[in-house]
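K.L.:
Start from the sequences, fold in the hints, and give me the full structure.
Here the protein sequences line up with chains A and B, keeping their order.
Heads up, the first sequence is in the working numbering, so the first residue is 1 and it goes up one at a time.
Heads up, the second sequence is in the working numbering, so the first residue is 1 and it goes up one at a time.
Possibly wrong hints are sitting among the right ones.
[Stated by the list, open to error] So, partial list: chain A residues that the calculated Cβ filter (under 7 Å) puts toward chain B:
no. : residue
1   : A298
2   : S329
3   : Q330
4   : A482
5   : L492
6   : D496
[Unchecked claim] Counterexamples of contact, computed for chain A against chain B with all Cβ distances above 10 Å:
no. : residue
7   : A20
8   : V33
9   : F42
10  : V47
11  : P69
12  : L179
13  : R196
14  : M200
15  : A203
16  : T205
17  : G210
18  : G440
19  : R450
20  : R454
21  : W458
22  : D479
Everything labelled a hint here was simulated from the structure, so no lab data went into it.
Glycine included, each C-beta is placed from N, C-alpha and C at the ideal position.
The lines below spell out each chain.
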Amino acid sequence: MFPYLTVIGVVPLVAAIVVAAAPRERTGTAKWVALLASLVSFVLTLVMAAQFRADGPRFQFVENHAWIPQFGVRYALGVDGISLVLIGLTVVLVPVAIAGAWRERGARVDGGDKGYFALVLTLETALVGAFAALDLFMFYVLFEVMLIPMYFLIGRYGGIRRQYAAVKFLLYSLAGGLLMLAAVIALAVSASEQGRQTFMFEALTKLHLGAGAERWMFLGFFVAFAVKASLFPFHTWLPDAVSESRPSSAILLVGAMDPAGAYGMIRYCLQLFPNAAHFFTPVVLVLAVIGVLYGALAAIGQKDVQRLLAYTSVSHFGLIVLGIFAMTSQAQVGATFYMVSAGLSMGALFLLAGVMTARRGSRLIDDFGGVYRVAPVLGGTFLVACLSGLALPGLATFTSEFLVLLGTFSRYPVAAGIATTGIILAAVYMLWMYQRTMTGPRTPAAERMRDLGRRERWAVAPLILLLIVLGVFPKPVLDAIAPAVKQTMTQLHVQDVNAEGK
Amino acid sequence: MSSGGVALAAPIHPAVASGAFSLTWLLVALPLASAAVLLFGGRRTDRWGHLLGCASVIASFVVGLAIFTALLGHDAGDRSIAQHIFTWALVGKFEVAWGFLVDPLSICFVLLITGVGGIIHVYSIGYMAHDPERRRFFAYLNLFVAAMLLLVLGDNYLMLYIGWEGVGLASYLLIGFWQHRNSAAVAAKKAFVVNRVGDLGLSVAVFLMFSTFGAVSFTGVFNGIDQASHGAVTAIGLLILLGACGKSAQVPLQSWLLDAMEGPTPVSALIHAATMVTAGVYVIVRSNPIFDAAPTAQLAVTVVGAVTLLFGAFIGCAKDDIKKSLAGSTMSQIGYMHLAAGLGPAGYAFAIAHLLGHGFFKASLFLGAGSVMHATDDQVNMRRFGALRRKMPITFWTFILAWAAIIGIPLLAGWWTKDRIVEAAFAHGPVAGWLLGGAAALGVIVTSFYMTRMIIMTFFGKERWEDDVHPHESPAVMTVPLILLSIGSVFGGWFLIGGQRLPSFLAPVVGPLKESRLPFSSIVLDIGLPVLVLLGILLAVAMYVRRPVPVVPPAGNVLVRAGRRDLYGDAFNEAVFMRPGQYLTRTLVYFDAHVVDGVVNGVAALVGGASSRWRRTETGFVRSYALSMLLGAAMVSILVLIVVVL
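P.N.:
Following this line, the structure appears as structure tokens:
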């Protein structure tokens, strides 16, 4: 069988090497190579997704080869519905980010722009690999490797305080990563004690762990994933990292990399350590609900467009984690779908905010006003993006938010009820930002604002289109996710709350 | 659980759509497609955009008529036809489809929305003729019509909710249509945010339905009520009421409607008078099996209705802005509808009858006000009108007919519908009946007063407009719609209530009309209510005809000042929600930067302080520090691996 996953992951890496090695005067060509490579991965993913059978075996397109036989490490790839849609999200966002960065001028760039594109492609390889890995060791390596391109994307191409932001990002992630490493090792030790020297995910789910050991390992994984998913109170690196990033880096950071944290929770925390997951659920739910409201309230108080968006992401990921730990099929399917829809929504928001701030030369909300009159297409698409940010019904974000809250409510009505007040706050931060930037009388600042150009329209159009299509007809994606969630719930020994029982 | 009232409606099993009913989806699709063409077509569609906008709604009306005719051809018991388009989501037990339900209740709304909507579309051609963005205006109006039709046609609460938020979006876009005015942009945002509070109620209601009934479709929910706990059903009813309060601008979520008058006047007529703001009444009447099983929730509905009908009428008396006075009146009239809906089977049909009649006469009043504004350079201050009856005779006469309809002059629409509500309220038990009926009767006299005041200040008395204003009658494209709406204002009530047409038509959905038993002879009301109307008129005449209307508003007493400030609704919201909210967000931003982040930075500083001692001789660049961290981490990882392997 054609090794789809390997090819989807390797094509960007090869292109990254080509782009990085290209001579500086060929930067124009290098950009096209980068875009083409990301589109090749996208098309291949489409072809693969078309062959994915929701009723088939759990993991499909499996590739399984020995890698480091001494430790039982294998090169094992495969996707279930959850990882499939997240790979889909990644391969959509990368071309958009590349198109968005096409003409951005980085501050004090050494080595020209092509380095930026090489880093983006490297990141794509790590992301695809992490989502597809079936071997825990391989997952861990790729999960950590992501940090390297992202560190340079922030620290080399960002704003004035980029180095502070990049270091903070790195320290947080490394701290989390080391905890996870300790847990990975402990798990491997347990496995070999039980006579199976392996890192294969499915084998590890069958281990018998002592209650205490299981809880410590859970925590090791959980903190690493919570940092990456910017769950309260592990979130403070995100606003700095996002506000100092270029918009395209922010798209990948928030849209594709944060979901890797949430993905880690649903795949590894819940399934490797089901008993510990039940034990810690109350704590996690509290943190998640705090995160929903905390992120939303903090967003309302922001003055900087990108910082505001970063805090909305904290709020969204609070909901995602809530959905994962609510442990009902609606909530978990909704949470997985939320990773996709929030990625699309944040992608559109950062892209358009990036266009605005590049034109204006400022990220402060107060420096805008009356833009709609001058640039109606920009205003209109930005409005759609803002509406997706507040989860307007008919858009994909609503589908996911609704499923998360509905599913959570059936098991934890109080937590869901409190989290639902977030929909009011979301309307406040999104529409307030829209009002202050786009409406009102023309300001001198808006006067020079050009409307969206052709390249920018092409970059944002797929995101808007997907947000609408998946809002109106989400069923195919939900159907792909559902069997994987069902498997997760079996692993956890939970069932949906029986409606007749009440 | 099951209380006495539940057995009224038999379990509902709609038939599958065929024949004319298979066109149901077109009702929504036509205006939606038109909106899409106008929005994505851009400037290319400027020349004919308004024509397409009107045509799509009129086409929808024609389809609606065809379906209505087909529905009349069925037996009364078989007038419930469902059309399933495709499944939206199926996760575990949660299944929702894009599905439409045609029944007597929804078809009434379809005809109102597309009929009055079509008339208002045509009117807008004239009203918006000089606006460079007229095409976009029609796109938003079309979007509204599509969303509103989805709201009333959806066969489950999720479709209803999608339509519900869709009309909220259209309302947001249209209130803020002139978004270059800050006041319009702020009003639009306010409307959306206040509505979201109501949406919170409706969405939690849907969550609760799913955990109680395992379904969110009308059939699934209504057929399961008998087995559900009383507490759950009551909670669902109260949550639905919260949603209704937001959308229908009922106390305590009323504050947005007065600001919503920032939108162009046809919008005020269509969305903020005739259709969208009545969605709250729709959802309560549609959920009649829930409310019939939850007397507490019903009581709450009647209280909200009674309070709002007085609240809005009071504001209507105090405003000098003709549109805001009408907005107060709208709140008040919708309060009547809620009151009726809360009365249960004795009031559902009258709630809908008043809603339909109101759709005609209030739209007529708003479009009349728009015609006056068109003639006076967008003046809205009634103190700057006066004596316009000679300058604009058609507007004047249509306005008079709508006035007569709303205050309840015998034989006109309001007399048929509103007086029945007052009667049903009085008949609602010993204590509640007197309180609710008393409020409703008091509302009659206040309505008569503020509407007469409006007529006098606008059309009678001395000319008070400014020198450069030259009032003139509006063109036919605006006056013909006014005339059409007047016909509804005059004959609508007789058509719906005379001969019990509407109550028996709606009976399959809401149960047969329960006869009211008044605690006194019905002649008291038959004579008393017209007398109250007359008293209101005389009071207004005494205050505004015998003394000339001053151009500068007099200071007024405490009550007038309270009314001018919307009975301090905004002041309350500001003091209780906005300012504490601002403090909260500011505190939280500080907390995040200095406490949560501070702890982390403190730890980092400890580590960093230690490391800086080591690298005093180095460059001191943070970047090298980070790189060393990266290398360090890599080394630690390798070390750990080696340890494991050994």
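K.L.:
The structure should be examined with respect to each hint, and the outcome stated for every one.
P.N.:
Hints and how they fare:
The interface hint given for A298/A holds, since its Cβ lies 5 Å from the closest Cβ of chain B, which is under the 7 Å cut-off. With 7 Å as the threshold, the beta carbon of S329/A comes within range of chain B, its nearest partner Cβ sitting at about 4 Å, so the hint holds. Nearest Cβ of chain B to the Cβ of Q330/A: about 5 Å, under the 7 Å cut. The hint holds. Hint status for A482/A relative to chain B: holds, with the closest Cβ pair at about 6 Å, below 7 Å.
The criterion of a C-beta within 7 Å of any C-beta in chain B is not met by L492/A, whose closest approach is roughly 14 Å, and the hint is violated. A distance limit of 7 Å between C-beta atoms decides the matter here; for D496/A the minimum to chain B is near 5 Å, and the interface restraint holds. With 10 Å as the threshold on Cβ separation, the claim that A20/A sits away from chain B holds: the shortest Cβ distance comes to roughly 18 Å. Distance check for V33/A against chain B: the nearest CB is about 28 Å away, which clears 10 Å, and the non-interface claim stands.
Residue placement check: F42/A keeps its beta carbon more than 10 Å from all beta carbons of chain B (closest about 24 Å). With a least beta-carbon separation of about 25 Å from chain B, V47/A lies farther than 10 Å from that chain, consistent with its non-interface assignment. Non-interface call for P69/A relative to chain B: holds, since the shortest CB-CB distance, roughly 12 Å, exceeds 10 Å. Every C-beta of chain B lies more than 10 Å from that of L179/A, the closest at about 12 Å, which supports listing it as non-interface.
Even its closest Cβ contact with chain B, about 15 Å, leaves R196/A beyond 10 Å, as expected for a residue assigned away from the interface. At roughly 17 Å from the closest C-beta of chain B, the C-beta of M200/A stays outside 10 Å, upholding its exclusion from the interface. With a minimum CB-CB distance of about 18 Å to chain B, A203/A clears the 10 Å threshold, and the non-interface call stands. Consistency note on T205/A: stated as away from chain B, and its beta-carbon is indeed over 10 Å from all of that chain's, at 21 Å minimum.
Interface exclusion of G210/A from chain B stands, the closest Cβ pair being 19 Å apart, more than 10 Å. Not every beta carbon of chain B lies more than 10 Å from that of G440/A, the smallest distance being close to 5 Å; the non-interface claim is violated. The Cβ of R450/A sits about 17 Å from the closest Cβ of chain B, beyond the 10 Å cut-off, so the non-interface label holds. Even its closest Cβ contact with chain B, about 14 Å, leaves R454/A beyond 10 Å, as expected for a residue assigned away from the interface.
Residue placement check: W458/A keeps its beta carbon more than 10 Å from all beta carbons of chain B (closest about 15 Å). Once the 10 Å rule is applied to beta carbons, D479/A is inconsistent with being away from chain B; the minimum gap is 7 Å.
Consistency note: the structure conflicts with the earlier hints numbered 5, 18 and 22.
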